[in-house]
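Just so you know, the protein sequences line up as chains A and B, in that order. Residue numbering for the first sequence follows my numbering, beginning at 1 and increasing consecutively. Residue numbering for the second sequence follows my numbering, beginning at 1 and increasing consecutively.
I should point out that these hints are in silico values taken from the structure, not numbers from a laboratory. Careful, some of the hints might be misleading.
[Said to hold, decoys possible] Ranges of calculated distance between the beta carbons of each label pair, as one might list FRET restraints: (1) A/Lys28 - B/Pro78: 34 to 42 Å; (2) A/Asp25 - B/Ser136: 30 to 38 Å; (3) A/Lys28 - B/Gln24: 44 to 52 Å.
Here a beta-carbon is modelled for each residue, glycine too, at the ideal position from N, C-alpha and C.
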Amino acid sequence: MKRNILLLCVALLCFAGEPAAFAQDDLKGHPSCPYCGMDRKQYAHSRMLIEYAETGTTGVCSIHCAASEISVNRAKTLASMRVADYPTRNLILAEKAFWVIGGNKAGVMTQRAKWAFKEQEEAERFIKENGGRHATFHDAMKATFEDMYEDIKMIRERRKARQMKMMDLKTFPECKYCGMVRGKYAQSRALIEYDEGTAVGTCSVHCLAIDLALNTDKMPKAIMVGDYSSKKLIEAEKAFWVLGGSKAGVMSIRGKWAFEDKEGSSKYIKENGGRHTNFDEVMRASFEDMYEILR
Amino acid sequence: MKRFVAFGFLVVCFLFTTGVALAQDDIKKHSSCKYCGMDRGKFAHSRVFIEYEGGTTEGTCSIHCAAIDFALNIDKIPKMTRVGDYNAKMLVDTEKAFWVIGGSKPGVMTKRAKWAFAKKEDAEKFVSENGGNLASYEQAMKAAFEDMYADTKMIQERRKMRRMEHKHH
Numbered sequence: 001m002k003r004n005i006l007l008l009c010v011a012l013l014c015f016a017g018e019p020a021a022f023a024q025d026d027l028k029g030h031p032s033c034p035y036c037g038m039d040r041k042q043y044a045h046s047r048m049l050i051e052y053a054e055t056g057t058t059g060v061c062s063i064h065c066a067a068s069e070i071s072v073n074r075a076k077t078l079a080s081m082r083v084a085d086y087p088t089r090n091l092i093l094a095e096k097a098f099w100v101i102g103g104n105k106a107g108v109m110t111q112r113a114k115w116a117f118k119e120q121e122e123a124e125r126f127i128k129e130n131g132g133r134h135a136t137f138h139d140a141m142k143a144t145f146e147d148m149y150e151d152i153k154m155i156r157e158r159r160k161a162r163q164m165k166m167m168d169l170k171t172f173p174e175c176k177y178c179g180m181v182r183g184k185y186a187q188s189r190a191l192i193e194y195d196e197g198t199a200v201g202t203c204s205v206h207c208l209a210i211d212l213a214l215n216t217d218k219m220p221k222a223i224m225v226g227d228y229s230s231k232k233l234i235e236a237e238k239a240f241w242v243l244g245g246s247k248a249g250v251m252s253i254r255g256k257w258a259f260e261d262k263e264g265s266s267k268y269i270k271e272n273g274g275r276h277t278n279f280d281e282v283m284r285a286s287f288e289d290m291y292e293i294l295r
Numbered sequence: 001m002k003r004f005v006a007f008g009f010l011v012v013c014f015l016f017t018t019g020v021a022l023a024q025d026d027i028k029k030h031s032s033c034k035y036c037g038m039d040r041g042k043f044a045h046s047r048v049f050i051e052y053e054g055g056t057t058e059g060t061c062s063i064h065c066a067a068i069d070f071a072l073n074i075d076k077i078p079k080m081t082r083v084g085d086y087n088a089k090m091l092v093d094t095e096k097a098f099w100v101i102g103g104s105k106p107g108v109m110t111k112r113a114k115w116a117f118a119k120k121e122d123a124e125k126f127v128s129e130n131g132g133n134l135a136s137y138e139q140a141m142k143a144a145f146e147d148m149y150a151d152t153k154m155i156q157e158r159r160k161m162r163r164m165e166h167k168h169h
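If we strip away everything but chain B, and leave its shape as in the complex, we get (with noise of 0.2 Å):
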């Protein structure tokens, strides 16, 4: 009995080890963030890992950085699109996720956040905590596109300012 309690531990510790190292392959193949540069092992709760059709991968930080990465692609199709849930950040698929706009904690490259949930239980947890609105893949694919154009302006005019102060010294 003792042998198969032993036995039966040792697949469940395989198992979650496999499943481990799988949910974090798309990090070792990106490790960066094509587009912004930052390291997706840190933001491996926002991360994006696309496979498009054709057999090419793109991994970014966030869904903002994968807006991007569609907008600059649109010749090529996605055939999946997974994102990192935000408490265990293992890899999930957006469209299954359940998404969270907003919130107070402070987004990934934007304003407004968007994480991604495996449960929505988890989700809903998430919003009771920080605020932040359900929303699906679509409303948060659709939220991203339209952040854009703000955290774009923001961030030209944080670096326009800084310019400024370094003529003044």
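This is chain A alone, in the form it adopts within the complex (with noise of 0.2 Å):
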């Protein structure tokens, strides 16, 4: 008797495995989308997967790069779409769930959120904490062909944003005091501008310090540094500032690192350690530490 329930227990363990382990397999089999390059497991909850009945199947990111999908490849026979389930990330046919359109939560690749869920109670949970409004597979589809010229536009013009934020790393690729090429140290670097027109790039704020140091005669007009995270510029003196942490600086023992957002600084200071500090801070105690590298 107890070597059957013991059975019993194992193949139900088995057939509640399974199904979890299908609901990630398409994460192995497609880690990246194929139309904007994003990680499908950091986007696990909007991922879509879609099988044809001639080849084999496509994973992408979200319901907007679907469509992309499903116009290039109208030729090929649709067998099945799937979608994240938004709270327990497992595959469901996107046909049968529940979807919400909108809602205060952002969206992945579009302005205007597609969510879908496997239970309708969670569906309607869902907009009455964030808003938006219920829908069928066809109108999240149809919402995100509309939707799509406005997104496309949307992603054009941030990127184009971001690049220019990192268009200083070709107009300065090394730090004029060490050398060091400041693409490799685009989280740290800083570029200074001058009154009178001239800029100097650096790889990091100990190097600007010393740009500072040497020209005394002249006016900073901007100071801006690099976002530990993205990377882009960001003003030095509105950033987010960690000094120390169990992460080395550059050029510098002690880590000076900065963020656009709170949310970033405070997330590094719980991983790697260190403490909340202001630009003001930190420049002086770059002049303290460089003191310490030349001993």
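Join the two chains into one complex using the hints; note that each chain is given alone, in its own frame.
What follows is the structure, given as structure tokens:
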């Protein structure tokens, strides 16, 4: 009897484990979206898996990229379209899912979000908490195409803005003082613009401090630093700074890292230690640490 | 005097043929549509030619396939997009063209046609003869995306039916 119960338990465990394993299998086969290049694991809650009768499967990050996929491959026969259940991330049939369009949660590749739920109650709970409206898969797909032109324009604008924030790496590929490749140290680099029109690119606040020390006759107009996470240039004065922590600094033992938002700096501290500070203290610390390096 | 007239005529002929040659250059470069494989020379009246920043170009049969190209290349910034004038078939700037959405003439790769005209009078004449509505490029492109779902579904349904028929025979 005991053996039978044990066998039954093992069998149940196998069956229970199988859908979960299957639900995540697509991430191994399709780790990134072929259209936007985004990591599908990061967007596991919005990802889709498209299966064709003629060929295999395609994994995308969202219904936005699924729409691009089916437009390009309209000559192929769709066997199935699966989407992630928003709360569990398990794949479910897109046609049978309860969809929510809109709401205050930021959408994936779109300004107007589209989420799928296996259970109607979950969709209702989401709407209660975050807004949005109930929809069918057909409604969600129709809305995706309707939004696509505006979304493409938005994505292009965002990417253009991001590129602009990385342009300094082309203008100043190397640090003026230590010669290090600034692209390699994009997360710590600095850019200083002086009133009289000149600008200098450095690898870190350490070399920035040297530049300031050498050019006391010049008036800085703007000082920018690389955001530790996104690497785009942000205003040094407005950045959320972290001093210290377990990660070694650039040209300095004590790390000095800048973040665009407090969420980023707090997360860093939680994972690596260090403490919150401002740009003024970071500059002071840079001069203090300089002596230590020379020593 | 006669010599001047002949010379003038030659100049006009030269300019005309060069213009036509230039206008057709994109068809030589992209003879068929990347997405549907259709002959761009045959669909010169609806074809689109895209020049991206960085120098790459793409030629499609219609605004429908141009929309697909945009959807697939969101990281590229279009520098210039041109479309075939419905009557003369020469390329015109999509932003400056006068567009007509709909009408009785069947569209290219879509149920709801989208045509471009270099001159407003031509667009208006088309509307009076064939129906449809005057539109901007922005509206035509938006409509191309909106119609894409229905057009895609229509083609897939057709193929499905054809497969079913083959199975029964």
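Quick check: which numbered hints come out false for this structure? Violated hint (a single one): 2; every other hint is consistent with the structure.
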